[in-house]
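Trainee: Those sequence lines, one after another, are chains A and B.
Quick note on this note's numbering: the first sequence kicks off at 1 and runs consecutively.
Quick note on this note's numbering: the second sequence kicks off at 1001 and runs consecutively.
These are calculated hints, taken from the structure and not from any lab test.
Hints are supplied without guarantee of correctness; some may be wrong.
[As the list claims (entries may be wrong)] Heads up, incomplete: computed chain B residues facing chain A, CB under 8 Å, no partners named:
{"hint": "1", "residue": "1386"}
{"hint": "2", "residue": "1405"}
{"hint": "3", "residue": "1406"}
[Stated by the list, open to error] In silico lysine-lysine, BS3-like type, Cα no more than 27 Å apart, as pairs:
{"hint": "4", "chain 1": "B", "residue 1": "1163", "chain 2": "B", "residue 2": "1303"}
{"hint": "5", "chain 1": "B", "residue 1": "1021", "chain 2": "A", "residue 2": "54"}
{"hint": "6", "chain 1": "B", "residue 1": "1303", "chain 2": "B", "residue 2": "1207"}
{"hint": "7", "chain 1": "B", "residue 1": "1179", "chain 2": "B", "residue 2": "1164"}
{"hint": "8", "chain 1": "B", "residue 1": "1077", "chain 2": "B", "residue 2": "1303"}
{"hint": "9", "chain 1": "A", "residue 1": "57", "chain 2": "B", "residue 2": "1207"}
[Stated by the list, open to error] Heads up, incomplete: computed chain B residues facing chain A, CB under 8 Å, no partners named:
{"hint": "10", "residue": "1017"}
{"hint": "11", "residue": "1185"}
{"hint": "12", "residue": "1187"}
Model, not experiment: these values are computed from the prediction.
Glycine included, C-beta positions come from ideal geometry on N, C-alpha and C.
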Amino acid sequence: MSRDDNATTQRNMIQAINSAMDVAMERDDNVCVFGEDVGYYGGVFRATAGLQEKYGKTRSFDTPINECGIIGVAVGMAAYGMRPVAEIQFADYIYPGLDQLVSEAARLRYRSAGEFTAPLTIRTPFGGGIFGGQTHSQSPESIFTHICGVKTVIPSTPYDAKGLLIAAIEDPDPVVFFEPKRIYNGPFDGHYDTPVEPWSKHPASDVPDGHYVIPLGKANVLREGSAVTMLCYGTMVHVTMAAVEQLGIDAEVIDLRSLLPLDIETIEESIRKTGRCVVVHEATRTSGFGAELAALVQERCFYHLEAPIQRVTGYDTPYPHSLEWAYFPGPVRLRLAIERVMEDVSGEV
Amino acid sequence: MASDTERRNLPPLELYVPEPKFRPGDEADFSDIQVPPAGETRRPDTAADHGEMPDLAYGLVRVLDDEGKAVGPWDPKLDPETLRKMLRAMALTRAYDQRMFRAQRQGKTSFYMKCTGEEAVAIAATFALDRDDMCFPSYRQQGILIARDWSLVDMMNQVYSNKKDRLMGRQLPIMYSTKQGSFFSISGNLATQYPQAVGWAMASAAKGDTRIAATWTGEGSSAEGDFHSACIFAAVYQAPVIMNVVNNQWAISSFSGFAGGDETTFAARAVGYGIAGLRVDGNDALAVYAATQWAAERARTNKGPTLIEHFTYRAEGHSTSDDPSQYRSADEAAEWPLGDPIARLKNHLIALGEWDEDRQAEMDGECAEQVKTAAKQAEKNGILGHGLHQPLETMFEQVFEEMPWHLKEQMQDMLDENEAANNVAKTR
Ligand SMILES: Cc1ncc(C[n+]2csc(CCOP(=O)(O)OP(=O)(O)O)c2C)c(N)n1
């Protein structure tokens, strides 16, 4: 059946990610997907459902439970000329494969003077809010931005997820693609008791059926404003939007979409306009990506700043199973940070 | 070197990807599985060199025959009282699993994992170990705690993450930990316990202790690098450790072939490392007991590590998040050629004239009652989601022994946030 490239379909993020791989596999038979439970079952989150049926088991297959092997094999396949898309079942399990990513994939182009390259994509669900305990909830993205030679991408909507994933698969460099699993099925305002609103009821959920890309390194200004710049990504985009609307504050909300490469122009432009900045992520605070953002903003926009940059983050503890909603950066933590950043020099709000 | 021209007529290469024999809708037929008669496999002396027993890594140690009789050199000749205790621990584990699974379905906790069909693997092994031998389990060996008469209420408190949870609600349900019970803290990261068990055993040897270590992993997880790191250290230092691979055929939706099980046995990995390897009928409690006892004796007499593959079947879903009907034949569990471990031990006791169906029914009733009473007691301490059972501050405790400044600050932030949230709630 041929696809009507102009048609759109209501999709949640999982379905959009599935569609991205489908489109990429259809266009280029070098694209293959693999990982634990990925083939026949279609992945524990169903992101690869139907791909083995459609493209056969040499292009969509299960692997041994060995993350080092999964990433190492992806490097080899990519070096051959294929476009491997490997799934790590949960971001918490990427560590056994880290050496292959950090020391090998990331440096292959550099150390071989461009003769060998590793155009691979690692997809992995990350973040908390699903009662996953400490081994199914972490946000390790900043580790990857600290590695030279790897791109780090994080979508926040189905539309972005598809466009960014296709861009990642077509990218000539290794890309780690973090999928915020709390919003796989719909947006989320940060209140743990809020029922998940399906993407199909969300204006952003119309996802084109065909091929399109969202370039890596291009942020999305989700909401224009002049009082403060909110820098966020993934699940936190939704929490930030909800908090901003609730407070009725004239905030500019920027969804970074890609942490590396980072859209520094959009960030600078916004800070110069608002003079205030709050960075938001779910990952632990110390050496988190927020620290990098704060440093960049301080280096480049210091004379435009009217208040110290605020960080809203998870705490520097493992994710505690039963206290996960106390750990999760929700609307109250955001509100307090916004109040702090809006205090003027005299301490008045 | 072959040139491109010479190669031109060669057939193209093909990528081989293994397939399980049955998928949903297929009729399961296990007639190709080689099940040697009980009692046939030889039992080397525990002092024998590992090089003298590679055949055992490819065989299947079995004690209980089809009539429920214990036969052959591996018969551990246990007294009826011990057999009944073992049977009871297995039945209690099954009853516990049923109750906790239901509790998850009722929304009392977030997650649960059963060990149905694999009860002998943990329980019979624990009976063959000493109470203070250190166990490094994976997540399907709740039977170790039950065999050690650990408090069911204590286990349930952990599953419910309630105020009596000794792990303070920090761990995913079923990830128990008790030093007093010689049960190492379970990790969600697969196979990490394997080298740790070897390290513990090396320490025990270095210190001239008499305790040994035992560890368990699934056959799927035995593909992890950690497994192989453990094997090499165990072999090099002749560590007093028993390394169990629970081959229950499935790793979530991936069959054992994806862990290398189509090409060789899991026990056979021992051969390459220079470790004694045994392959055991994991649904035969006596075989599991005997193999563990044999391995423990080797370890205690400085004859080094043993790798035991327990050939068994995961009769239920992977976890409460799994639907096995999506990827495997529905009748696999019923067709499994090695039967049910509880039924087999029960039949053995009956064959000995030491048990009967009435006593079994009575015992099952008692186990269900014991579990029910424990659950009621545990639920009094709270269930997940019904309020916060741990003081908020506990989130920051024990990250380090002493709390550094940044955690103190963050703890204060959290308390301020909580107060702000409560104020909002009050003014609503
Ligand atoms: C390092 C790591 N990778 C992946 C996972 C996700 N995962 C959890 S259980 C599981 C399957 C394990 O199967 P097996 O070892 O055969 O044990 P079984 O569940 O069958 O007892 C997987 C892939 C994990 N927990 N840790």
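Trainee: Would you check whether residue 1405 (chain B) satisfies its interface hint, that is, whether its CB is within less than 8 Å of any CB in chain A?
Mentor: violated (11 Å)
Trainee: Quick check on the hint: residue 1386 (chain B) CB to chain A CB, less than 8 Å?
Mentor: At about 11 Å, which exceeds the 8 Å cut-off, the nearest Cβ of chain A leaves the hint on residue 1386 (chain B) violated.
Trainee: For a C-alpha distance cap of 27 Å, please report whether residue 1179 (chain B) and residue 1164 (chain B) respect it.
Mentor: holds (17 Å)
Trainee: Sort out whether residue 1303 (chain B) lies within 27 Å of residue 1077 (chain B), counting only the CA atoms.
Mentor: holds (24 Å)
Trainee: Has the given pair, residue 57 (chain A) with residue 1207 (chain B), been kept, meaning a C-alpha gap of at most 27 Å?
Mentor: Violated - the C-alpha atoms of residue 1207 (chain B) and residue 57 (chain A) are around 52 Å apart, more than 27 Å.
Trainee: Do the alpha carbons of residue 1303 (chain B) and residue 1207 (chain B) lie within 27 Å of each other, as the hint requires?
Mentor: Answer holds: residue 1303 (chain B) to residue 1207 (chain B) is near 17 Å, not above 27 Å.
Trainee: Are the Cα positions of residue 1021 (chain B) and residue 54 (chain A) separated by 27 Å at most?
Mentor: Within the cut-off at roughly 21 Å; holds.
Trainee: Next item in the hint list is residue 1187 (chain B). Is there a CB on chain A closer than 8 Å to its CB?
Mentor: holds (7 Å)
Trainee: Is residue 1163 (chain B) close enough to residue 1303 (chain B), meaning Cα to Cα at most 27 Å?
Mentor: Violated: residue 1163 (chain B) and residue 1303 (chain B) sit about 45 Å apart, past 27 Å.
Trainee: Do the numbers back the hint for residue 1406 (chain B), that is, is its least Cβ distance to chain A under 8 Å?
Mentor: This interface hint holds because 6 Å falls under the 8 Å limit.
Trainee: Tell me if residue 1017 (chain B) is really an interface residue toward chain A, meaning its C-beta lies closer than 8 Å to one of theirs.
Mentor: Holds: closest Cβ of chain A sits about 5 Å from residue 1017 (chain B), inside 8 Å.
Trainee: Would you check whether residue 1185 (chain B) satisfies its interface hint, that is, whether its CB is within less than 8 Å of any CB in chain A?
Mentor: Violated: closest Cβ of chain A sits about 11 Å from residue 1185 (chain B), beyond 8 Å.
Going down the numbered hints, you'll see the structure goes against 1, 2, 4, 9 and 11, while the others check out.
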